[in-house]
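Asker: Two chains, two frames, a set of hints: combine them into the complex.
So the sequences go chain by chain: A and B. Note that the numbering used here has the first sequence beginning at 1, numbered continuously upward. Note that the numbering used here has the second sequence beginning at 1, numbered continuously upward.
Keep in mind the hints are simulated off the structure, nothing from the lab. Possibly wrong hints are sitting among the right ones.
[To be verified] Anything over 12 Å on all C-beta distances counts as not near chain B; from chain A, calculated:
(1) Met1
(2) Glu12
(3) Ser24
[Claimed, not checked] To give a feel for the contact side, a few chain B residues facing chain A, derived at Cβ under 7 Å:
(4) Phe118
(5) Arg122
(6) Glu231
(7) Met233
(8) Pro234
(9) Thr286
(10) Leu289
(11) Leu298
(12) Ile300
(13) Asn367
(14) Phe369
[What the hints assert, rightly or not] Label pairs and their calculated CB-CB ranges:
(15) A:Pro74 to B:Ala275: 17 to 23 Å
(16) A:Asp84 to B:Arg162: 51 to 57 Å
(17) B:Arg183 to A:Pro74: 53 to 59 Å
(18) A:Thr10 to B:Pro63: 21 to 27 Å
(19) B:Glu354 to A:Met1: 34 to 40 Å
(20) B:Pro238 to A:Glu12: 30 to 36 Å
(21) A:Gln62 to B:Ile269: 31 to 37 Å
(22) B:Glu124 to A:Asp84: 43 to 49 Å
(23) B:Pro238 to A:Thr10: 17 to 23 Å
(24) B:His73 to A:Thr56: 33 to 39 Å
(25) B:Arg296 to A:Thr10: 50 to 56 Å
Please read these numbers as outputs of a predicted model, since none were measured by experiment. Heads up, the beta-carbon is just placed ideally off N, CA and C, and yes, glycines get one too.
The residues making up each chain are set out below.
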Amino acid sequence: MIICRCEEVTKEEIVKAIAEGCDSVTWVKRKTRAGMGLCQGRTCGCLVARLIAGETNQGLGQVLPDTRRPPLRPIPLDILEERDEK
Amino acid sequence: MTSLRADVVIVGGGQSGLSATYELAKAGVDVLVVEKRESLAMEAAGRNPGGIRQIGRDIHEAPLMVAAMRRWHGLEEELGCSIELTEDGYLWVALSEDELEMQRGLVERDAAYGIKEFALERDEVRKMAPAVSDFISGGLYSPTDLIANPFFVARGYFDRAREYGARFLFDTEVIGLRLQGGRVRGVVTDQGEIATDVVVNAAGPWSDRIGRMAGIEIPITPCPNQFIVTEPMPPILPPFLLISSIAVCRQCGARGHVYIGNTNAPGGISGYSKATDYDEMVRTATNILKIVPAFRGLNIIRTWVGTIDFTPDDNFVFGRVEQVKGLILACGFSGHGFALTPIIGQLLCELIVEGETSLPVDAFRLNRFERGTAEKAKHFAHQHLDA
Numbered sequence: 001m002i003i004c005r006c007e008e009v010t011k012e013e014i015v016k017a018i019a020e021g022c023d024s025v026t027w028v029k030r031k032t033r034a035g036m037g038l039c040q041g042r043t044c045g046c047l048v049a050r051l052i053a054g055e056t057n058q059g060l061g062q063v064l065p066d067t068r069r070p071p072l073r074p075i076p077l078d079i080l081e082e083r084d085e086k
Numbered sequence: 001m002t003s004l005r006a007d008v009v010i011v012g013g014g015q016s017g018l019s020a021t022y023e024l025a026k027a028g029v030d031v032l033v034v035e036k037r038e039s040l041a042m043e044a045a046g047r048n049p050g051g052i053r054q055i056g057r058d059i060h061e062a063p064l065m066v067a068a069m070r071r072w073h074g075l076e077e078e079l080g081c082s083i084e085l086t087e088d089g090y091l092w093v094a095l096s097e098d099e100l101e102m103q104r105g106l107v108e109r110d111a112a113y114g115i116k117e118f119a120l121e122r123d124e125v126r127k128m129a130p131a132v133s134d135f136i137s138g139g140l141y142s143p144t145d146l147i148a149n150p151f152f153v154a155r156g157y158f159d160r161a162r163e164y165g166a167r168f169l170f171d172t173e174v175i176g177l178r179l180q181g182g183r184v185r186g187v188v189t190d191q192g193e194i195a196t197d198v199v200v201n202a203a204g205p206w207s208d209r210i211g212r213m214a215g216i217e218i219p220i221t222p223c224p225n226q227f228i229v230t231e232p233m234p235p236i237l238p239p240f241l242l243i244s245s246i247a248v249c250r251q252c253g254a255r256g257h258v259y260i261g262n263t264n265a266p267g268g269i270s271g272y273s274k275a276t277d278y279d280e281m282v283r284t285a286t287n288i289l290k291i292v293p294a295f296r297g298l299n300i301i302r303t304w305v306g307t308i309d310f311t312p313d314d315n316f317v318f319g320r321v322e323q324v325k326g327l328i329l330a331c332g333f334s335g336h337g338f339a340l341t342p343i344i345g346q347l348l349c350e351l352i353v354e355g356e357t358s359l360p361v362d363a364f365r366l367n368r369f370e371r372g373t374a375e376k377a378k379h380f381a382h383q384h385l386d387a
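Bound-form chain B, shown alone (with noise of 0.2 Å):
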């Protein structure tokens, strides 16, 4: 590698890195990823079950997740391929009358913003889904939620990309950043040196090392995420995505192989191991079979791990940082990442080529984490819905 120059340089060829990268190469500016492992999407962008979802999201998400809807619906057609995009919804169930309480308080606040949801009784949930058994107490169903496929996703951004000139460098690593004068002017990486004015940090799990590498300290809790995967078997599950607080489950529906995760219990395992867990297979069993006990029977063929980068309040960090100049974060996006795919990168090309976004972002900003450590116990408190 010598002497390298481009534009803006994309630390991190996953979901947000990509969609930004695309849409920046097709506003016309010279944008090169650069990416640690071999190719893309090979980390959290590749091992999640592809909801998408706007029940239960944060107030400050809710806007940007409404805008990310219409990107999705259209996103086959801009990038000309399919993303097997399902709008069949998804139904959370609740597991105790306190969480339904609450599922019922969500469906006023998220009607202003124009996100339809019904509260159900245990009998129309399992009218909804037979096979769902009377261990739930109801649920909170979202019938324009959508799954697509992670991996068609990201290569339709990286193919599009390519065809609007963006560059890639695969196993290659960023290392350090070339500062001056409070600014960014290049990015170090163990196949040599790029130099460039603008640094997007999209690096998930390890935005955290290259915001030190800016003397910018960005709280990142690296948190493994299990899945198992079964042998196809005749849909007994509509084509949604079922969530609870113990468990995340999705018949697909081509194959009808199913996929059951766990959702990361509060004070759960952190690190960035990818090894599969035999505890948190037992768990996941135990979990899905009160909810779903047609699933006895029915054989594991598979595990994956993705490593998801929770931030202590579980929203993302979005923004330029006032310290360091040419820097732009991206990361943080705690579970909830994927969904938000297209709104990131659109969001990430405004904020480079006109210098401010459409839609307000100010929520999202670093500095809400410098005003103490109070929203760090929150991470504890907490129970995490990343599906």
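Only chain A is shown next, with the shape it has when bound in the complex (with noise of 0.2 Å):
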């Protein structure tokens, strides 16, 4: 069952990250790129959430949610681009 459809990670793969010890959304991000694509974890988030809750019987609100960062959506890279104006 794939978790992250941007980096396809599977349920699997995570589960097996959580029993090696990432026990925050962020260490589970890092050790299986689950929440490294292109939606940033805005999709599988809260299934990796869930899913650590469950695998380390705790509460959903004692998960550690992960760090969003800007952009809030994709931005093309050259309209940030300064070009001489001549």
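Answerer: Here is the structure:
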């Protein structure tokens, strides 16, 4: 079962990472790439957090979420480019 | 936390601290790490592109880097895990004839340390990396430079260190050092006190604060270093790390995401902020599109900012300090600490267990800054090569 669709990370891979001590969304991401893709964990972040809560017997509220970083949506590199106006 | 004690306390769960913890625990030393963040590798240790460069090193650092390379090559086997180590080299593109001339001078200098580098003409660079524009003048290629995954390196050291009995305290901040008769007797944290006779200050951009708790001035300037990450694209750059005086760039082999960062401009922004800076994004985009125009249209999906701990001469600070016995420094890595990770841990362990190091480290002593402020001026007159 695919949990992170952008990076094609399976539930099995995530559960294995949790068993190896990756007990936060950040460390599951660092280990498996879940949440490193185009949507930046907006789709799979909650699923990963629920898997961690379930596997480690803690409440969902105790699982630390990943850090949100700009940009809010993907933006093309070149719209930021400064060109010489000539 | 009640009446804790350890033979060695490491302040900072970054790359150097983790590597030292592993080496010490493996040598049978009772070691405890104090980290203010909730986990390991939460600062610059996990906020860098993973470059391991011999190219363009300071002459004092070159021999250490050569020794580090030997450790890197055996690290996956030693730690028993993948660190995604790849040997595709570094391509340092020159943007002017002057820079090209300077690079050519490095070839012979670095050969003396056994580091292979090749000076390339513009056409040779473009043959190697057709996506690089003719904005460049030429380049220097170091085929044996490496890239590794900093997360996997940190985790590998952490997991093995724990197996050897190392202890870790996260969410715990050092707020003072217990001193007695000119030597360290303990570490005071916001969670309680730890009795110890040896403290390693591996606190990166915060190491000057730890120094001040012992009455020592460590000249550290914290500087934000920002990267952007793009969506994946088919490979257009060979899997090396591309560096120049204005940008750092790497296309990640597995998926094809691109990491693009700035080199810190002289007199640039300082401070501990890890907020994404829009003007820096503009500078990154503008600079990289001059060098790799084929990135036009590629989407940015994330940004990250790490804090670099610059010293006045861009070299790290290492070793004991005369004023306070039991205090050992390993900080101020100035943006090139990740590459040195395995050797710094080894040297710290040698210093603590055997009393001396197997490689010369005198050039990195803190007292080099007592001579005057000439080196401080250099900080602003010098372009940092911080990947």
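Asker: Each of the hints needs a verdict: does it hold here or not?
Answerer: Verification of the supplied hints:
1. Met1: Per Cβ check, Met1 of chain A is outside 12 Å of chain B; nearest 20 Å; holds.
2. Glu12: It holds; Glu12 of chain A is separated from chain B by about 17 Å at its closest Cβ, greater than 12 Å.
3. Ser24: 6 Å, violated
4. Phe118: 30 Å, violated
5. Arg122: For Arg122 of chain B, the interface hint is violated, since the closest Cβ of chain A sits about 22 Å away, which is over 7 Å.
6. Glu231: Holds, because the Cβ-Cβ distance from Glu231 of chain B to chain A comes to roughly 5 Å (cut-off 7 Å).
7. Met233: 11 Å, violated
8. Pro234: The hint is violated - Pro234 of chain B has no Cβ within 7 Å of chain A, the shortest such distance being about 15 Å.
9. Thr286: 5 Å, holds
10. Leu289: 5 Å, holds
11. Leu298: Nearest chain A Cβ about 5 Å off; hint holds.
12. Ile300: 5 Å, holds
13. Asn367: 38 Å, violated
14. Phe369: Result: violated, 35 Å to nearest chain A Cβ.
15. A:Pro74 to B:Ala275: 17 to 23 Å: 20 Å, holds
16. A:Asp84 to B:Arg162: 51 to 57 Å: 55 Å, holds
17. B:Arg183 to A:Pro74: 53 to 59 Å: 55 Å, holds
18. A:Thr10 to B:Pro63: 21 to 27 Å: The hinted range 21 to 27 Å is violated for Thr10 of chain A and Pro63 of chain B, with Cβ atoms some 45 Å apart.
19. B:Glu354 to A:Met1: 34 to 40 Å: Check failed, 52 Å falls outside 34 to 40 Å.
20. B:Pro238 to A:Glu12: 30 to 36 Å: Holds - the Cβ-Cβ distance for Pro238 of chain B and Glu12 of chain A, about 33 Å, lies within 30 to 36 Å.
21. A:Gln62 to B:Ile269: 31 to 37 Å: 36 Å, holds
22. B:Glu124 to A:Asp84: 43 to 49 Å: 29 Å, violated
23. B:Pro238 to A:Thr10: 17 to 23 Å: Since Pro238 of chain B and Thr10 of chain A have Cβ atoms about 30 Å apart, the given range 17 to 23 Å is violated.
24. B:His73 to A:Thr56: 33 to 39 Å: Roughly 36 Å apart at Cβ, these two residues keep to the hinted range, so it holds.
25. B:Arg296 to A:Thr10: 50 to 56 Å: Between Arg296 of chain B and Thr10 of chain A, where Cβ atoms are some 34 Å apart, the hint is violated.
Violated hints, listed in ascending order, are 3, 4, 5, 7, 8, 13, 14, 18, 19, 22, 23 and 25; each of the other numbered hints is respected by the structure.
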